[in-house]
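*Asks:* Sequence:
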Amino acid sequence: MDPATTKAADVALGVASRAAEPLWRKATGENDVVKRLIGQVKRTAEANLNESYEFWDWHKDSALEPMLRRLVEGRVAVDDGLIDQLAKAIAARMTRTRAERALVVATELARTVVHEYPDALADLKDPSSTASATRKLDRLEAMVVENAAAAGIASTSRRLQDAMLRGPIEAIGGADRLDRADQLEASGDLLKAAEVRFDLADDLATAGMPELAEDVVQSGADLAVRAGERKLAIAKLETVAWDRVERGSRLAISAAHALQQLGSAAASSIEAASNWPDDLPWNLERLRIATNGDQSDDRARLALLELCLLSDDHETLAELTADTSWNPRTAELASALAKVDALELDPAVDDAQVDAAWLKLSTWIDTRLDDSAQGLAWARRGYSLGHRGDIEGCVAAYERAIAAWLKAPDGFGAAADAFFSLANVQSRAGQFVPELFERSKVARALPDHKDEPVTVARQLRWQAASCQLDGDIADARWYALMAWRIYRSVGSLEGERLVGRQLAEVYAAGNEPAPALQLSAIVGDRKVAATRCTDVRQDQLVRALPFSRAPWIRAVSYSVLATLGASTPRELLDVWEPHLIADASTDLVNLMSPTDARAARDALPGVFLALTDQGRPEALSLLDAEIAEPTHFTYTERAVQALQHATDLGLIDRRSALIDLLLDERGAELNLDLHWFGKLAASEEWRVRFVDSAADGSTRALSVLSLGPSDAELPESVTAHLGARVDHWLESLRPDPDVRGVQRYDMAPAYEQLAAMARFVDVKRRERVEEVLWNVVDDPRRSEIERSSALNGLGNMLSAISSTRRTAWRPRIQAYAAGNYVPTDADLPVGGPFSRVRIQTDALGLFGAAAIRFLTRESDGPKDALRELVEAALVATNTNVRRAGWRAMAQGLSTADLEPANGLVDGDAAVRKSALAWYVAKYHRPGLDRLVPLLSDPSPAVRLQLAFEAQRLNAFDVLMALAWRDPDAYIRIWASQRLRCLPSS
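Residue numbers (the working numbering): 1 to 985.
Each hint can be trusted.
Derived lysine to any residue pairs resembling SDA-like cross-links, with alpha carbons at most 25 angstroms apart:
id : residue 1 : residue 2
1  : K339      : P277
2  : K192      : A207
3  : K360      : H314
4  : K764      : S802
5  : K407      : S372
6  : K339      : S311
7  : K764      : D727
8  : K192      : T239
Don't read these hints as lab results, they were simulated from the structure.
Sequences and hints are given; from them, build the entire structure.
*Replies:* So, in structure tokens, the structure goes:
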């Protein structure tokens, strides 16, 4: 879409909004939504559009309103004559624009008003409900946001656009072709220029930059349209649009609008497939209409199958897959799996029939399909069996999926997801499998591919989380539902759990308690579901609870009913089918049998709430059994939940038992104390228990307390134990002259723990610790890991040492931070860069930054030495030292008259990032010429820092460039969200 058309779309929506305002007021009963929408259009026009005041002024003329209102209400014929009439009326009012330019722009505005919005607005004439009208308004507002972003990027300077594209294109060796395309366009050979751009797009996609490739395809399609090759442009844009649909990108909607203007038959199905979260039934019907006929696109048929599967519409699935002429010709597997899913979802079909159909299908899958397709098929089978409650069959199916995906190219991410689905279903069913822990470490190490569906779904979840944090519930719901569709299509129980929990929070934040409760039950969140059930109307409760055969869903639904039975008057239970309350008690008691103890712990909160209401003693006995469990993280968490329920119900006070559990020395290697201490620290009683345990010599309690702030007041008994431990460690760390050169990797973590404890002991012991740590740092015969740990420990002690010791440390710290430290040991090489001392670079960077901060905080420190320190750090050979110097500069910790070299072109990305922060802090509003090269910086960290600084400076053009063109999805998402925070947006 060219800039003029984009601007026309935005402003035409404002015009149509004003004309349709009475209709919306009638539909919604209030005008708040309309005001919000019109205000958004106005702010967008004023901030982003060239000639914005002209565009905003002309439609205020009351003489135009009757014509626009008749158009919106469908009372005038839409033809070229109407477009000309409206264009002339608009152009006559654009008094500050040249006449020929005004007529061109006015014609675009008129064409957009006539063709783009009347259909959408006509639906609002007689809305069936307020909610329906509001959803349609939300869709229109989404169009405004999309078009505003497109207008913003189109209004960015040509040089900025070239800079954004040239970096990635140069990386693939395509700069010459880009220049050739520009030359061909300038010479009038538009079709050849389009073909060159299409070739460039193919290379960008092959290099792993599909989003940038799509932008290049769109620019090539514009050239093809101008050259008269409309069919070629439509074919290219349809491919782009469907790729965006598969990724869940909202840009697919704008691509559908562009195709609609070109007259593409696929525009309607693309829009329905990309915008279904706004209104699933309506878009399902649109897809059904679009896929009727032999000429419909296979991708539209696949989208329809996925949406039917997502809505559990087994009747439509069965109807569609029964017609062999309708099934997608290029995706036989999707159609075959949908046929089995239709049987699985049909309550009238028993399991034996479904298993027979799958057995027949699996023979074809295992003998005819490649590894990737086999993995997908078996994962879908595992998902279905998991929801059926067949845990053994589910695990076996996921094992088959893992084996197939590990053999497939770019299938590691899917294999890892299948493993976590397997582990998820086993843990939620109460099965404890020790080897899962070791396998999980391998699964987490498997690399994923950016184009894998599970990777795309994860990015959509991140987008949903970002929108939710910004308070944009509608967008959060949209992105989360898109992720849910992908996870459902690939058969991921783990993905369903993650996005289901996220989507439940989104629904709850949007004041939709029934779907929030349903999703909480599906993912097995007992406590959350029990809380949310009180917000659901009584006549909706039973319909909201999913009574699935999956044990985790069944247990949650029963727990919710048991909760209501314990807290609600008996006369209300008739609404919720009272027999379910009795079934809940029976099920929960059976879960407590010795043969299924793990399942009992899965349903533990529900057990308490159900059984205590009936006065059953099993609740307390189960609590005692849970406390007696070894301190494994998962079961400790459940024990905490159980103890909390018991305390809330007034049954028994077991808080002391919980503290004993956390202080149990048997589980010290799991560091449970560190995880839970933060949650328990708010309780004075629990903090006192930790202090008391530390006073008695508990190593776990001492470890926790030693990690606190150095100014924390600890009893003398605790500091005495810490002193004794310091003495013991100093003795154990004493070097043996016979084994001085041995690499003692096992002792490396001890140095940092020793330094943490030394902050609370007397000065004499602390000085001994300092001496030991300095000896380790200066000894090149120690391992790099040991010396790095000792250096980190010294850095942690900076805030606790005396002023006298700090004075003694200053020359040493200056030498380390400057990167030219010369050891005094005669056995070591004299002079040369700091790298000869072989301190690990990461530790050096941390220590260098701490050293610079320490020296600049010293008010009595020598100013000349400070100046020399910063100058030396900025030109040091070690990159982490240079980075520390630039960070000090950015924080204003240097002398005012210092003018260092420019670090924006440093060879190290971390240095460029820190130098960028200094550059912006010094010049406040840096020129675009200095920041443009950083838009194509190869380091994502540098580009993200550029986004931070652009937000601070309200640099709209830079943020817009990053939001639309950056190859990293996270940076694009972050920049897009920050655009809304700018005053001008």
